[in-house]
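**Student:** Could you put together the complete structure from these sequences and hints?
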Amino acid sequence: MTDAKKAPEAQGPKVKWNVEHLKSSYVNFANANSTKEEVVLNFGLNTSWDRASPEVEIELAHRIVMSPFAAKRLADLMGKLMTEYESRYGELK
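Just so we're aligned: 83 in my numbering is position 83 of the sequence shown, and the numbers increase by one with no gaps anywhere.
Hint data in this document are derived by calculation from the structure and do not stem from the laboratory.
One or more hints might be untrue.
To be verified - Cut-off 20 Å, straight-line C-alpha distance, at most; resulting in silico cross-link-like pairs (SDA-like, lysine to any residue): (1) Lys93 - Gly79; (2) Lys72 - Glu38; (3) Lys72 - Glu37; (4) Lys72 - Thr83; (5) Lys23 - Leu45; (6) Lys23 - Val65; (7) Lys93 - Phe29; (8) Lys23 - Ile64.
To be verified - Beta-carbon label-pair distances, calculated as ranges: (9) Gly12 - Lys80: 30 to 40 Å; (10) Glu55 - Ser87: 33 to 43 Å; (11) Glu55 - Ser34: 47 to 57 Å; (12) Lys36 - Val15: 27 to 37 Å; (13) Ile64 - Gln11: 46 to 56 Å; (14) Val65 - Val15: 48 to 58 Å; (15) Ser34 - Glu57: 18 to 28 Å; (16) Val15 - Glu37: 39 to 49 Å; (17) Leu92 - Pro13: 15 to 25 Å; (18) Lys23 - Met82: 33 to 43 Å.
Glycine is no exception: its CB is placed at the ideal position from the N, C-alpha and C atoms.
**Tutor:** Quick look at the structure:
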């Protein structure tokens, strides 16, 4: 079968991105934990630049709670994104 005669691939519905309430935040800290039913991601900002200080304060700004299935899709997406990033800019260590 030539390319022109291939059956069209099944496609899902067209996604329309509504950005009316979109907010952007810069974070330099993230942590995660989970239960059997959900995965929790916490994002925040470390403003403690004194490395000699025995205490670091993180201002948590966002908590994202998702199903393990959504977390798996996010992990796959992030893995692909980082592979592309490192192929363009070099390996992160």
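**Student:** Tell me, which hint numbers fail for this structure?
**Tutor:** When the structure is compared with the hints, numbers 9, 11, 13, 14, 16, 17 and 18 turn out to be violated.
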